[in-house]
Amino acid sequence: MTRPDNAINRIDDEIDTPALVWDMDVLDARLAALRRFSDTHACRLYYSVKASAVAVVLDHIAAGVDGFSCSSPFEARLSRQVLGNKGVISLTSPALTPAQCDAINETCDHISFNSLGQMKHLGPALKPNVAQGLRINPGLSIVDDPRYDPSRENSKLGIPINSLVKAHSARPDDFVNISGLHIHTACGNRSFKGLTQTIELIEAEIPALLHRARWFNLGGGYAFDKILKTKAFDDTVSRLRDVYGLDVILEPGTAMVQNAARMVSTVVDIFESGTATHAVLDTSVNHMPEVFAYQFQPPVKGARRDAPHTYTLAGATCLAGDIFGTYSFDQPLEVGQRLVIEKTGAYTHGQSHWFNGINLPTVYSHSGAGGLKLERAFTFEDFASRCGVHR
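Per our numbering, the very first residue in the sequence shown carries number 2; after that it's consecutive.
There may be inaccurate statements among the hints.
[What the hints assert, rightly or not] With a cut-off of at most 20 Å between alpha-carbon atoms, the simulated DMTMM-like pairs for lysine to aspartate or glutamate come out as follows: (1) Lys121 <-> Asp110; (2) Lys194 <-> Asp145; (3) Lys87 <-> Asp67; (4) Lys230 <-> Asp40; (5) Lys374 <-> Glu107; (6) Lys302 <-> Asp60; (7) Lys227 <-> Asp40; (8) Lys87 <-> Asp226; (9) Lys344 <-> Asp14; (10) Lys51 <-> Asp270; (11) Lys128 <-> Asp110; (12) Lys374 <-> Asp103; (13) Lys230 <-> Glu291; (14) Lys227 <-> Asp243; (15) Lys194 <-> Asp174; (16) Lys302 <-> Asp331; (17) Lys374 <-> Asp17; (18) Lys128 <-> Asp103; (19) Lys128 <-> Asp146; (20) Lys194 <-> Asp236; (21) Lys51 <-> Asp40; (22) Lys302 <-> Glu15; (23) Lys227 <-> Asp146; (24) Lys302 <-> Asp243; (25) Lys232 <-> Asp40.
[What the hints assert, rightly or not] Listed next, with one range per pair, are the computed distances between beta-carbon atoms: (26) Arg305 <-> Ala168: 51 to 61 Å; (27) Ala233 <-> Gly389: 32 to 42 Å; (28) Glu382 <-> Ala308: 24 to 34 Å; (29) Thr311 <-> Thr231: 36 to 46 Å.
No lab work stands behind these hints: they were computed from the structure.
For every residue, glycine included, the Cβ atom is placed at its ideal position computed from N, Cα and C.
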């Protein structure tokens with residue numbers, strides 16, 4: 002359930018900015034939809050913690066998923082604190098060391114090795130309770146933009162399938178402890194066609210490992226709410242399950258949380274510079290680093306391409322590139338006005354940083370039943386502590 006715009010506007014006017022505001026009713030709806038999809042296709046559902054590790058989000062999602070998928074020992078430890086003993090913790094990372102194996106043994110149920118070197122150096126130190134798997138790079142790109150493509154040429158993510166075939170053919174006994182396979186080849190994909198092609202490639206190249214495995218993690222990166230035709234997915238999953246006896250796992254992140262949060266900011270200054278009119282916000286691209294890294298323009302509530310009043314929305318720091326983009330509105334903006342950047346649930350909180358000492362966004366949650374709640378406010382003491390100042 003979502004509340005009327007006037008109720009949301011009242012909430013946004015009440016809070017301190019900048020603020021990351023979580024709509025728990027939207028999060029509930031996304032979780033329910035992904036749970037239905039997973040159950041319909043007899044898949045296990047893990048949440049990819051990297052998308053957002055905000056405590057209220059993890060607590061809210063925990064009861065509706067089968068586990069959490071993590072990208073570091075710290076994420077795994079946090080996930081275990083949230084889940085207790087009630088869910089699976091799955092870990093994959095390109096950077097793991099033998100010194101971290103004790104922590105992995107304590108917190109994780111699955112690990113997917115990112116390289117053959119990881120398998121060799123970490124595998125012997127892991128206890129039997131940690132199921133060992135391999136992250137495969139099939140070398141088949143199904144993402145148009147190479148910046149987002151896990152399977153791009155010379156990728157650091159996963160074991161190149163030709164290297165895996167060669168190693169398995171030469172020394173099959175090295176893989177005796179491998180019980181799972183893992184791919185993550187999508188990013189915002191609106192079709193399962195590429196997934197089918199990827200599984201067909203893996204079947205052709207390494208059928209022995211498919212027959213050895215007990216689980217197959219298909220990763221995330223699919224825009225599940227935008228995909229209407231699911232027969233290809235159903236056929237692929239059925240084949241993995243029926244032919245190879247595999248438990249099939251999905252691990253959505255962005256698809257779970259992207260639409261469930263918004264960044265609320267305040268216009269603090271408006272001025273002209275050359276031919277542009279700048280509206281300076283009290284937030285920054287450093288609160289949404291993907292805007293700067295990938296140079297995309299996030300959606301802003303109330304903006305219209307052909308509206309008459311045009312502004313460059315600028316961030317609060319001295320970084321020349323701290324620009325959200327050029328937006329047009331039906332009415333002129335005013336200093337003190339709230340502006341809302343939409344769809345900021347994924348990769349915002351986790352990637353925010355303190356450049357220029359600009360405070361991190363305050364975290365709020367709200368729901369129709371529970372109202373507005375302050376989850377976390379950041380202070381000068383947090384900034385000073387991060388800088389090593391304790392006085």
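- Message: For a C-alpha distance cap of 20 Å, please report whether Lys230 and Glu291 respect it.
- Response: The hint is violated at about 30 Å.
- Message: Holds or violated: Lys227 and Asp146, Cα atoms, limit 20 Å.
- Response: Satisfied, since the Cα-Cα distance of roughly 19 Å is no more than 20 Å.
- Below or equal to 20 Å on CA atoms is what counts here, so check Lys87 against Asp67. Between Lys87 and Asp67 the Cα gap is close to 8 Å, so the pair holds against 20 Å.
- Query: Given the hinted pair Lys302 and Asp331, is their alpha-carbon gap at most 20 Å?
  - Reply: The given pair, whose Cα atoms are some 12 Å apart, holds under the 20 Å limit.
- Item | Restraint status (C-alpha distance of Lys374 to Asp103 at most 20 Å) | Not OK: Lys374 and Asp103 at ~37 Å, beyond 20 Å, violated.
- Message: Can you confirm whether the C-alpha distance between Lys302 and Glu15 stays at or below 20 Å?
- Response: Holds. Lys302 to Glu15 sits at ~17 Å (cutoff 20 Å).
- Task: Given the hint that Lys302 pairs with Asp243, test it: the Cα-Cα distance must not exceed 20 Å.
- Result: 47 Å, violated
- Given pair status - Asp174, Lys194, alpha carbons within 20 Å: The hint is violated at about 34 Å.
- Item | Lys194 paired with Asp236 [C-alpha distance capped at 20 Å] | 11 Å, holds
- Item | Beta-carbon spacing of Ala233 to Gly389 - inside the hinted bounds 32 to 42 Å or not | 53 Å, violated
- Task: Measure nothing beyond the straight line between the CA atoms of Lys227 and Asp40; if it is 20 Å or shorter, mark the hint as holding.
- Result: Satisfied, since the Cα-Cα distance of roughly 18 Å is no more than 20 Å.
- Does the structure keep Lys194 and Asp145 at a Cα separation of 20 Å or less? Holds. Lys194 to Asp145 sits at ~14 Å (cutoff 20 Å).
In summary, the numbered hints that this structure violates are 5, 6, 8, 10, 12, 13, 14, 15, 19, 21, 24, 27, 28.
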